[in-house]
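**Q** Go ahead and model the full structure; you've got the sequences and the hints to work with.
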Amino acid sequence: MKLYIHQAACSLSPHIVARELGLDVEIIHVERATHRTSDGQDFLAINPNGYVPVLVLDDGEIVIEGPAIVQYLADLKPEGGLAPQTALERRKIQSLLNFISTEIHKPMGQMFAPAYAPVKEVLHKHVAARLDWAASRLEDGHLTGGALSVADIYLFVCLNWSQWLGIEMSRWPQLEAFMKGIGARPGVLEALKAEGLHPRSNGIFFAPRLAA
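Be aware that the sequence shown starts at -2, since it is given in the numbering used here, and climbs by one per residue.
Source of the hints: derived by calculation from the structure; they are not laboratory data.
Hints should not be assumed to be uniformly reliable.
[Stated by the list, open to error] Below, simulated BS3-like cross-link-like pairs (lysine-lysine); rule was C-alpha separation at most 30 angstroms, straight line: (1) K89 - K74; (2) K177 - K190; (3) K122 - K89; (4) K177 - K(-1); (5) K117 - K74; (6) K122 - K177; (7) K122 - K(-1); (8) K117 - K(-1); (9) K103 - K89; (10) K89 - K177; (11) K122 - K103; (12) K177 - K117; (13) K177 - K74; (14) K(-1) - K103; (15) K177 - K103; (16) K(-1) - K190; (17) K190 - K103; (18) K190 - K74; (19) K117 - K103.
[Claimed, not checked] FRET-style restraints, in silico, Cβ to Cβ: (20) T99 - Q171: 41 to 49 angstroms; (21) A30 - H195: 18 to 26 angstroms; (22) D137 - G200: 14 to 22 angstroms; (23) A181 - G19: 15 to 23 angstroms; (24) A84 - G193: 33 to 41 angstroms; (25) N95 - R168: 21 to 29 angstroms; (26) S133 - R33: 37 to 45 angstroms; (27) Q171 - S92: 17 to 25 angstroms; (28) A84 - R134: 31 to 39 angstroms.
For clarity, every value in this text was computed on a predicted model and none was experimentally measured.
Note that beta-carbon positions come from the ideal geometry of N, C-alpha and C, so glycine has one too.
**A** Below, the structure is given as structure tokens:
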């Protein structure tokens, strides 16, 4: 399988899932400006929408959208426990993945875009309200209580963008503790290192090292 990614983007979520589960997945980097891949392809021929993540299966099937990809990867190794197998628990995970995708990931992504600068304050307030809810959901350091899930990994990746968006995480001590806990896992650290992301001095965020 091949996973197409941008550094520190939402594609970090399935990258972490693959590392946590020890799956044989080739990581292919995509140049944002040119849409050229690190193995010499035109990424737009793989996903005409132009965004990551994309997972290409061994039989050539192309899977897009992060929430779908992480569930597929988790189901390849159900004993890893990242996605539950019962219908009730799977509905809960799908609900959380959709919440993160639409209510946190999407508005945070818009905050990076200059076109949304006039409404950035509105987006900040929206995201803050959703983070209030996410913080209230944490039990034993995880969204689903007690065990790491694909939803936790997705939230971790989105919260890492706070450092570039002016979102002050100290407002949510539960989320800061969550970030430290997830960020200390060996599989997570492997994925971060592979993407050239290093811990900041506060131990909460991960970013590329600044050039000397």
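**Q** If a hint holds in the structure, say so; if it doesn't, say that too.
**A** Do the hints match the structure? See the list:
{"no.": "1", "hint": "K89 - K74", "in the structure": "holds (19 angstroms)"}
{"no.": "2", "hint": "K177 - K190", "in the structure": "holds (16 angstroms)"}
{"no.": "3", "hint": "K122 - K89", "in the structure": "holds (25 angstroms)"}
{"no.": "4", "hint": "K177 - K(-1)", "in the structure": "holds (29 angstroms)"}
{"no.": "5", "hint": "K117 - K74", "in the structure": "violated (40 angstroms)"}
{"no.": "6", "hint": "K122 - K177", "in the structure": "holds (24 angstroms)"}
{"no.": "7", "hint": "K122 - K(-1)", "in the structure": "violated (37 angstroms)"}
{"no.": "8", "hint": "K117 - K(-1)", "in the structure": "violated (35 angstroms)"}
{"no.": "9", "hint": "K103 - K89", "in the structure": "holds (20 angstroms)"}
{"no.": "10", "hint": "K89 - K177", "in the structure": "holds (24 angstroms)"}
{"no.": "11", "hint": "K122 - K103", "in the structure": "holds (14 angstroms)"}
{"no.": "12", "hint": "K177 - K117", "in the structure": "holds (27 angstroms)"}
{"no.": "13", "hint": "K177 - K74", "in the structure": "holds (25 angstroms)"}
{"no.": "14", "hint": "K(-1) - K103", "in the structure": "holds (24 angstroms)"}
{"no.": "15", "hint": "K177 - K103", "in the structure": "holds (23 angstroms)"}
{"no.": "16", "hint": "K(-1) - K190", "in the structure": "holds (18 angstroms)"}
{"no.": "17", "hint": "K190 - K103", "in the structure": "holds (25 angstroms)"}
{"no.": "18", "hint": "K190 - K74", "in the structure": "holds (23 angstroms)"}
{"no.": "19", "hint": "K117 - K103", "in the structure": "holds (13 angstroms)"}
{"no.": "20", "hint": "T99 - Q171: 41 to 49 angstroms", "in the structure": "violated (22 angstroms)"}
{"no.": "21", "hint": "A30 - H195: 18 to 26 angstroms", "in the structure": "holds (23 angstroms)"}
{"no.": "22", "hint": "D137 - G200: 14 to 22 angstroms", "in the structure": "holds (20 angstroms)"}
{"no.": "23", "hint": "A181 - G19: 15 to 23 angstroms", "in the structure": "holds (18 angstroms)"}
{"no.": "24", "hint": "A84 - G193: 33 to 41 angstroms", "in the structure": "holds (40 angstroms)"}
{"no.": "25", "hint": "N95 - R168: 21 to 29 angstroms", "in the structure": "holds (24 angstroms)"}
{"no.": "26", "hint": "S133 - R33: 37 to 45 angstroms", "in the structure": "holds (43 angstroms)"}
{"no.": "27", "hint": "Q171 - S92: 17 to 25 angstroms", "in the structure": "holds (20 angstroms)"}
{"no.": "28", "hint": "A84 - R134: 31 to 39 angstroms", "in the structure": "violated (21 angstroms)"}
Going down the numbered hints, you'll see the structure goes against 5, 7, 8, 20, 28, while the others check out.
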